[in-house]
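K.L.:
Generate the whole structure from the sequences, applying the supplied hints.
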Amino acid sequence: MAKKSFRKTIIAVHRDTGYFFAGLTVLYAISGVAVNHMEDWNPNYTVAHVEHSVGDLVDVSDGGIAAEVLGRLGVEEEPKAAVRMSEKEFRIFLKNRTLYVATPSGQVVDELVSRRPGFFHVNYLHLNHAKGLWTWFADIYAVGLLVLALTGIFIITGKKGLGGRGRWLLIAGTAIPLIFLLLKT
Amino acid sequence: MKRSLIFVALVIVCSTGVVLAGGGDQYGAGVTLEKAVPIDGLLANPGDFIGQKVRVDGTITGMCQKRGCWMQVSNEQGDSVRIKVEDGVIVFPATSMGHKASAEGIFEGVPVAAQVKKHEGEDEEDDKHKACDAEPQDEMIYFIQGTGAVIYS
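Residue numbers (this note's numbering), protein chains in the order written: chain A, 1 to 185; chain B, 1 to 153.
For the record, the hints were derived by calculation from the structure and aren't laboratory data.
Predicted model only: the values in this text are computed from it and were never measured.
Warning: the hint list may mix true and false statements.
Here are some chain B residues the structure puts well away from chain A; computed CB gaps all over 12 angstroms [claimed, not checked]:
1) E34
2) K35
3) A36
4) F49
5) T59
6) Q65
7) S96
8) I106
9) P111
10) S153
Computed footprint of chain A on chain B, listed as stretches where at least three residues anywhere in the stretch have a Cβ under 8 angstroms from a Cβ of chain A [what the hints assert, rightly or not]:
11) 85–95
12) 139–149
Simulated restraints, written as ranges between beta carbons of each label pair [what the hints assert, rightly or not]:
13) B/S153 / A/H52: 25 to 31 angstroms
14) A/L112 / B/E76: 42 to 48 angstroms
15) B/L43 / A/E77: 30 to 36 angstroms
Note that beta-carbon positions come from the ideal geometry of N, C-alpha and C, so glycine has one too.
P.N.:
This is the structure in structure tokens:
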């Protein structure tokens with residue numbers, strides 16, 4: 001009787017915790033794959049480059065380069081900053097956009113940075129850039145995952161449960177990271 | 001019903017946290033030193049600062065576009081120093097170019113030859129990431145092994 005009641009409880013806990021955290025699990029899974037492959041791509045931003053030629057800037061002083069280049073490109077935005085990086089390069093910083101200006105030739109590389117739709121937001125949560133109260137919720141989620149794992153083990157009885165196939169799957173799933181750690185560390 | 005309402009309330013509270021926390025521009029441990037070392041001074045006499053914890057203030061003029069694992073901070077004259085952070089531990093946002101920033105960490109220098117060797121055999125495509133550790137200054141590469149930063153909006 002007590003056994004039945006215990007199983008009923010863990011099934012209920014597993015079910016409700018699963019429902020509650022299903023959405024976040026999907027988001028974290030998407031982000032997990034995205035950040036796993038950081039070597040191959042930037043999971044948060046796309047960076048595009050466009051080249052322009054605005055004509056020579058021989059007679060333009062450093063103080064006037066930003067206004068001159070922006071004027072010739074037809075950009076009305078006020079720059080955040082403008083810095084001469086070297087004798088041959090001047091950088092103009094706009095919102096999510098940087099102009100790399102070769103001087104005095106006037107060749108411009110226009111770099112546009114934009115958030116990768118969807119991924120930026122899920123990574124923002126997954127990597128806890130939000131901090132603050134999100135840290136607490138993410139901790140609660142971690143506990144939730146622990147609850148899901150522990151209750152999940154005991155849901156099924158019999159041949160497909162811990163007494164049979166479940167046991168081997170549990171051992172295999174636990175062994176893989178352990179073996180990997182043994183070999184790699 | 002009551003339980004469901006509690007869950008929903010919890011979600012709303014946490015979501016609010018996301019919005020409220022959005023104003024924070026601190027990365028890693030932020031900055032703890034009150035006084036910044038002028039970047040030109042740092043580069044003029046690097047030997048005086050090697051191994052020391054330093055803070056620099058300036059404009060963000062460069063950024064690791066792949067992983068956000070370094071940023072370059074410059075003064076108004078274009079003197080620049082790179083702040084290298086551990087991959088994935090601190091991630092500088094690519095949209096911070098041109099923003100004012102303060103950053104601190106341990107000032108370090110490595111011989112150029114060692115740096116070239118470290119990156120031997122890497123793909124050419126990774127060039128932008130390769131330059132994680134600062135540009136050559138004479139025979140040494142100097143950079144700040146960053147512990148934290150504050151990026152101002």
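K.L.:
Hints numbered earlier in the text: which of these fail when held up against the supplied structure?
P.N.:
5, 6, 7, 10, 12, 14
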